[in-house]
Amino acid sequence: MDNQIVQPRVRRKHRSLGQELVTELSRRIRDGEIKRGAKLPTESQIMEEQGVSRTVVREAISRLQAAGLVETRHGIGTFVLDTPSPSGFRIDPATIVTLRDVLAILELRISLEVESAGLASARRTDEQLKLMREALDALESGAGNASDAVAADFQFHQQIALATGNRYFTDIMLHLGTSIIPRTRVNSARLTHDDQQHYAERLSREHEDIYQAIARQDAESARAAMRLHLTNSRERLRQAYEEAEAQALHG
Numbered sequence: 001m002d003n004q005i006v007q008p009r010v011r012r013k014h015r016s017l018g019q020e021l022v023t024e025l026s027r028r029i030r031d032g033e034i035k036r037g038a039k040l041p042t043e044s045q046i047m048e049e050q051g052v053s054r055t056v057v058r059e060a061i062s063r064l065q066a067a068g069l070v071e072t073r074h075g076i077g078t079f080v081l082d083t084p085s086p087s088g089f090r091i092d093p094a095t096i097v098t099l100r101d102v103l104a105i106l107e108l109r110i111s112l113e114v115e116s117a118g119l120a121s122a123r124r125t126d127e128q129l130k131l132m133r134e135a136l137d138a139l140e141s142g143a144g145n146a147s148d149a150v151a152a153d154f155q156f157h158q159q160i161a162l163a164t165g166n167r168y169f170t171d172i173m174l175h176l177g178t179s180i181i182p183r184t185r186v187n188s189a190r191l192t193h194d195d196q197q198h199y200a201e202r203l204s205r206e207h208e209d210i211y212q213a214i215a216r217q218d219a220e221s222a223r224a225a226m227r228l229h230l231t232n233s234r235e236r237l238r239q240a241y242e243e244a245e246a247q248a249l250h251g
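Numbering (full-length UniProt numbering), first residue to last: 1 to 251.
Worth flagging that the hints you see were computed from the coordinates, not collected in a lab.
All figures in this text were calculated on a predicted structure; none of them were measured in a lab.
Heads up, the beta-carbon is just placed ideally off N, CA and C, and yes, glycines get one too.
Treat the hints with care, as some may be off.
[To be verified] The following label-pair restraints were derived from C-beta to C-beta distances:
hint, residue 1, residue 2, range
1, E49, N166, 31 to 37 Å
2, G37, Q247, 50 to 56 Å
3, D126, R36, 17 to 23 Å
Start from the sequences, fold in the hints, and give me the full structure.
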């Protein structure tokens, strides 16, 4: 028997793992290595082949979904779309470039994710709760790396959307992708004159409150915790935005 073990590829730049994987999978789809309508390899297969974490794989698939290249059929797998998705409603992440844009996205998230948290509390499975916990643990361990932290942050919110059992919550979250995480666009800690550790600790407490409410299946507390989390993010950035505008006006 051939006992040769195939070693996963070693990547050089940890912070760019997600984008590298998106590029590689996009190339395979474009070149026909993965056919239209075909099923993508499983998360575990991609992890082993590419030498990346589950969080990186999920983030890459989320980006491919947002780009209209693939769709996930829950309980079955992720498939390459036969034709590009129709150009209807679209928020191009490339246009979310200013603090005002980020604030507008946060307003959208408040209206969407507060109810998402409430529904997730009532409908989540033990497995979905476990995946939320894993995302938070990954967020804690990856706090020193901005790319890993953003991917884990997005996965936590995405798992809540999945737990609603309503695919439209999931679809819009996937469409927005990691562009919904403010620190992908602005340095939130710097703008709010906060030190990075204090900022991370506050976000961690807010996420933990959301998780605990969902774990208890306390829908009202989950809605309240999500609203507080997103409202705090919006208010911190709104204050920074107003200060920046005032400085520009009087500077």
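* Is the gap between the beta carbons of G37 and Q247 within 50 to 56 Å? -> This hint holds: roughly 54 Å between Cβ atoms.
* Does the Cβ pair E49, N166 satisfy 31 to 37 Å? -> For N166 against E49, whose Cβ atoms are near 32 Å apart, the range 31 to 37 Å holds.
* **C-beta pair D126, R36: status relative to the range 17 to 23 Å that was hinted** => violated (36 Å)
In terms of the numbered hints stated before, the structure departs from hint 3 and from no other.
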